[in-house]
Amino acid sequence: VDVVRVRVGEYPPRRRLHINSISVNSDQETYLSADDLRINLWHLEITDQSFNIVDIKPSNMEELTEVITAAEFHPLECNLFVYSSSKGTIRLCDMRQAALCDRHSKLFEEPEDPTNRSFFSEIISSISDVKVSNSGRYMISRDYLSVKVWDLHMETKPIESYPVHEYLRSKLCSLYENDCIFD
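In our numbering, the protein residues as written are 742 to 924.
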């Protein structure tokens, strides 16, 4: 087990949204933090400054259609990171392409089956977490009712999908009415 020691400093209280992810880069010098709307790149030795590398905040918040749900650096390529969204997509970004990664290198998204479309489709497709394998070849994503394994060389669909909590599918309406579906 590799242990990374991080010097704990005081970071300025500039975030108003909760941080949903922190990921240390393979260069062991930088890390990223992600909230619902932004991903920032930090240097471990510089505690009062970060660089915004993803910003999905629209100029009018009423136009907001998705939020960032998780982010993680690639374990071997220090210039690559992935982030997932509430729309069920995962974006692979390369920091060598631009300082602000507003365009992704790859978009991983499972095509929706129109026969299974329901009122809850968008809610249950929201990805709650994404992790890149130690080899850097695969990703694992978790949404409301499944765990999916993705090959980083194949964007069109996951190579494996495992149902979880399938018994909740028949209870989605009740979970929605009680706001439990968002917990």
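Simulated from the structure, these hints should not be mistaken for lab results. All residues carry an ideal CB built from backbone N, CA and C; glycine is no exception. Hints should not be assumed to be uniformly reliable.
[Said to hold, decoys possible] Derived DMTMM-like pairs (lysine to aspartate or glutamate); straight-line CA-CA distance at most 25 Å: (1) 828 with 789; (2) 872 with 918; (3) 847 with 786; (4) 847 with 896; (5) 872 with 796; (6) 828 with 786; (7) 828 with 843; (8) 847 with 789; (9) 912 with 854.
[Unchecked claim] Distance windows between CB atoms, simulated: (10) 786 with 907: 32 to 38 Å; (11) 860 with 908: 35 to 41 Å; (12) 878 with 801: 20 to 26 Å.
Hint by hint, here is what the structure shows:
1. Restraint check for residue 828 and residue 789: the C-alpha separation of about 32 Å exceeds 25 Å, so the hint is violated.
2. The straight-line distance between the Cα atoms of residue 872 and residue 918 is roughly 31 Å, outside the 25 Å bound, and the hint therefore fails.
3. Between residue 847 and residue 786 the alpha-carbon distance is near 31 Å, which puts this suggested pair outside the 25 Å criterion.
4. Distance hint between residue 847 and residue 896 is fulfilled; the C-alpha atoms sit about 7 Å from each other, no more than 25 Å.
5. Using a Cα cut-off of 25 Å, the hinted pair residue 872 and residue 796 holds, with the two alpha carbons roughly 21 Å apart.
6. For a cut-off of 25 Å, the pair hint linking residue 828 to residue 786 is broken: about 35 Å separates their Cα positions.
7. For the hint linking residue 828 to residue 843, the alpha-carbon distance of about 16 Å falls within 25 Å, and the restraint holds.
8. For the hint pairing residue 847 with residue 789, the CA-to-CA distance comes to about 32 Å; that exceeds 25 Å, so the pair is violated.
9. Of the supplied pair hints, the one linking residue 912 and residue 854 holds, its CA atoms being roughly 21 Å apart against a limit of 25 Å.
10. Taking 32 to 38 Å as the suggested C-beta distance range, the pair residue 786 and residue 907 does not conform, at roughly 47 Å.
11. Distance hint check for residue 860 and residue 908: the Cβ-Cβ separation is about 19 Å, which falls outside the suggested range of 35 to 41 Å.
12. Against the hinted window of 20 to 26 Å, the Cβ-Cβ separation of residue 878 and residue 801 comes to about 40 Å, which falls outside the hint.
Of the numbered hints given earlier, the model fails hints 1, 2, 3, 6, 8, 10, 11, 12; all others are met.
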